[in-house]
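As you go down the protein sequences, you meet chains A and B in turn. One point on numbering: in the numbering used here, the residue at position 4 of the first sequence is 4, and numbering is uninterrupted. One rule links them: number in the numbering used here = place in the second sequence (from 1) + 1000.
Some clues are possibly wrong.
With a cut-off of at most 25 Å between alpha-carbon atoms, the simulated PhoX-like pairs for lysine-lysine come out as follows [as the list claims (entries may be wrong)]:
1) A:K100 / B:K1070
2) A:K100 / B:K1057
3) B:K1009 / B:K1057
FRET-style restraints, in silico, Cβ to Cβ [as the list claims (entries may be wrong)]:
4) B:T1005 / A:V59: 18 to 26 Å
5) A:I8 / B:T1015: 31 to 39 Å
6) A:E17 / B:P1109: 27 to 35 Å
If you are wondering where the hints come from, they were derived from the structure by calculation, not from laboratory data. Where is the CB? At the ideal position from N, CA and C, for every residue including glycine.
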Amino acid sequence: LAKTTQPISMDSYEGQEVNITCSHNNIATNDYITWYQQFPSQGPRFIIQGYKTKVTNEVASLFIPADRKSSTLSLPRVSLSDTAVYYCLVGDALPQGTYKYIFGTGTRLKVLA
Amino acid sequence: NAGVTQTPKFRVLKTGQSMTLLCAQDMNHEYMYWYRQDPGMGLRLIHYSVGEGTTAKGEVPDGYNVSRLKKQNFLLGLESAAPSQTSVYFCASSYSRGTGDYYEQYFGPGTRLTVT
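Could you put the whole structure together from the sequences, leaning on the hints where they help?
Next up, the structure:
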């Protein structure tokens, strides 16, 4: 069962780039790395997913080294509204073809003015 | 599209009472999930379903039952509520393998349940 380790909390200032690193030493060959964002009193929201190298979308970039034992979520120029908990997830394939995520405690990002 | 909706948003139960939480999705997703989130913790999978009429156990299924009679609905039942079931319950749905990005789960807004 692949698990992840990430910092409990981080502070940043508006306009800065934030990098959150996640460790997943036991990641399986077929597993993808997925990041979710959760605001207080809301359900998690998908941010980005990748398998190797670099993935970029309109909100974030995901960097994955060749050994895939870690990954880094990069948020460019954060704003106060990016204050949230960020979860790094490595899925486990379930019977019947679906996917299970192991949610840890995540990284609480606080963006300061 | 409303996405994933949950009913009710809040509920207070006494120990031993029963209740059903309703989850509905309008995205024609095949897979649906129920999670619970305790204060300061991540989400834990209770039960999941890979299609109408099918259910399976997740990490923490004890004390809960589920049913998926219609593709768009996934019900979570507590037959005899206990204080340990005080939590926020989230429902999620996703595409099935081969029909879309089944790794992306869409979450509802949650139901805050307190058992006294």
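Right, here's what the structure says about each hint:
| no. | hint | result |
| --- | --- | --- |
| 1 | A:K100 / B:K1070 | 22 Å, holds |
| 2 | A:K100 / B:K1057 | 11 Å, holds |
| 3 | B:K1009 / B:K1057 | 24 Å, holds |
| 4 | B:T1005 / A:V59: 18 to 26 Å | 24 Å, holds |
| 5 | A:I8 / B:T1015: 31 to 39 Å | 33 Å, holds |
| 6 | A:E17 / B:P1109: 27 to 35 Å | 30 Å, holds |
Going down the numbered hints, you'll see the structure goes against none, and every one checks out.
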